[in-house]
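Novice: Residue numbers (this note's numbering), protein chains in the order written: chain B, 1 to 112; chain E, 1 to 118.
Hints are computed from structural coordinates only; laboratory data are not their basis. The structure presented is a predicted model; accordingly, all values stated were derived computationally and were not measured. For each residue, glycine too, the CB sits at the ideal point set by N, CA and C. Be aware that one or more of the hints could be misleading.
[As the list claims (entries may be wrong)] What the simulated footprint calls covered on chain B by chain E, stretch by stretch (three residues with Cβ under 8 Å from a Cβ of chain E suffice, anywhere in the stretch; the number is not a length):
| no. | stretch |
| --- | --- |
| 1 | 43-55 |
| 2 | 102-109 |
[Said to hold, decoys possible] Here are the simulated DSS-like cross-link-like pairs (lysine-lysine), alpha carbons at most 25 Å apart as the crow flies:
| no. | chain 1 | residue 1 | chain 2 | residue 2 |
| --- | --- | --- | --- | --- |
| 3 | B | Lys104 | E | Lys9 |
| 4 | B | Lys42 | E | Lys9 |
| 5 | B | Lys1 | B | Lys68 |
| 6 | E | Lys57 | B | Lys1 |
| 7 | B | Lys1 | B | Lys104 |
| 8 | B | Lys68 | B | Lys104 |
| 9 | E | Lys57 | B | Lys104 |
| 10 | E | Lys57 | E | Lys71 |
| 11 | E | Lys9 | E | Lys57 |
| 12 | B | Lys42 | B | Lys104 |
| 13 | E | Lys71 | E | Lys9 |
Below, each chain spelled out in residue letters.
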Amino acid sequence: KQEVTQIPAALSVPEGENLVLNCSFTDSAIYNLQWFRQDPGKGLTSLLLIQSSQREQTSGRLNASLDKSSGRSTLYIAASQPGDSATYLCAAINQAGTALIFGKGTTLSVSS
Amino acid sequence: NAGVTQTPKFQVLKTGQSMTLQCAQDMNHNSMYWYRQDPGMGLRLIYYSASEGTTDKGEVPNGYNVSRLNKREFSLRLESAAPSQTSVYFCASSEARSGGRTSTDTQYFGPGTRLTVL
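Okay, chain E solo, but in the shape it has when bound:
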């Protein structure tokens, strides 16, 4: 049981390049999330998926797209990377189908992807 896995662990891009961050969970969770963590800003939600086949914007969605490929996988795509997207990206999952709106829903996080955009 690996929990939440993310690939790659590190990535350096040039401005304008595109890439996809991959996330998978093996806990049969319904909800999945993408956050970014920046110094002085804390963690902020980019997108989430409350169930397979649905995705919704979070606090900072501009410049990103997501795909809930199946129940296990939730990918984050940067179509044209910008230096402002330099950050650490975390994927998370939780059991609840409602995207976190239950009192017992714990979120489990992956190890993160460190992205630098030059």
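Isolated chain B (complex conformation):
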């Protein structure tokens, strides 16, 4: 059974810092791995999707990497801003599954 773990559960940084959020998964047979953002009281917004054949994806200040062999993904946020404050969730679809398996998220707070 696929399990997804995110560390740390919470992170506070000053504005302008670069930071890394970590995600690990137990079953390396995944189709893709996705990173989402969730603002308080809101739904999920897809940030990046990394296909199983890819090693990384970039969108603006965000860069996500995938290492299937070690069962890890990272989300790198460059030059953090207060508007980046949110909960970040990673999720994996494995080849035996039918939908996303989510981690519990990392809640990021960026202070100005």
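Dock chain E against the given chain B, drawing on the hints supplied.
Specialist: Coordinates of chain E only, in the frame set by chain B:
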């Protein structure tokens, strides 16, 4: 293009009452999903529909039923609500007909329904 919409946004029920959560998407997606989100548990899949006319159980289906009314709409029904069903419910959709088992299939989420069962 509204994406994924859910109604209602908030609902309070008494134990034993029934209700249906509605979800619709206007992206012509084949697959639709219902998740619940609980503190400390993360998001968990309740049911999904890989294509119009099909539905399958997810991780936590007990106490729920679903209907894929047409390609746009996927409803979630609580027949006899229990306090353990207090949660935030999210509907999602994706393009792939295979229910997510493709490498490029991104899921799009609705804003959620906050349900409290007293």
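Novice: Compare the structure with each hint and give your call.
Specialist: Consistency of the hints with the structure:
no.: 1; hint: 43-55; result: holds (count 8)
no.: 2; hint: 102-109; result: holds (count 4)
no.: 3; hint: Lys104/B <-> Lys9/E; result: 23 Å, holds
no.: 4; hint: Lys42/B <-> Lys9/E; result: 11 Å, holds
no.: 5; hint: Lys1/B <-> Lys68/B; result: 16 Å, holds
no.: 6; hint: Lys57/E <-> Lys1/B; result: 15 Å, holds
no.: 7; hint: Lys1/B <-> Lys104/B; result: 16 Å, holds
no.: 8; hint: Lys68/B <-> Lys104/B; result: 20 Å, holds
no.: 9; hint: Lys57/E <-> Lys104/B; result: 21 Å, holds
no.: 10; hint: Lys57/E <-> Lys71/E; result: 18 Å, holds
no.: 11; hint: Lys9/E <-> Lys57/E; result: 24 Å, holds
no.: 12; hint: Lys42/B <-> Lys104/B; result: 16 Å, holds
no.: 13; hint: Lys71/E <-> Lys9/E; result: 22 Å, holds
The structure meets every hint from the earlier list without exception.
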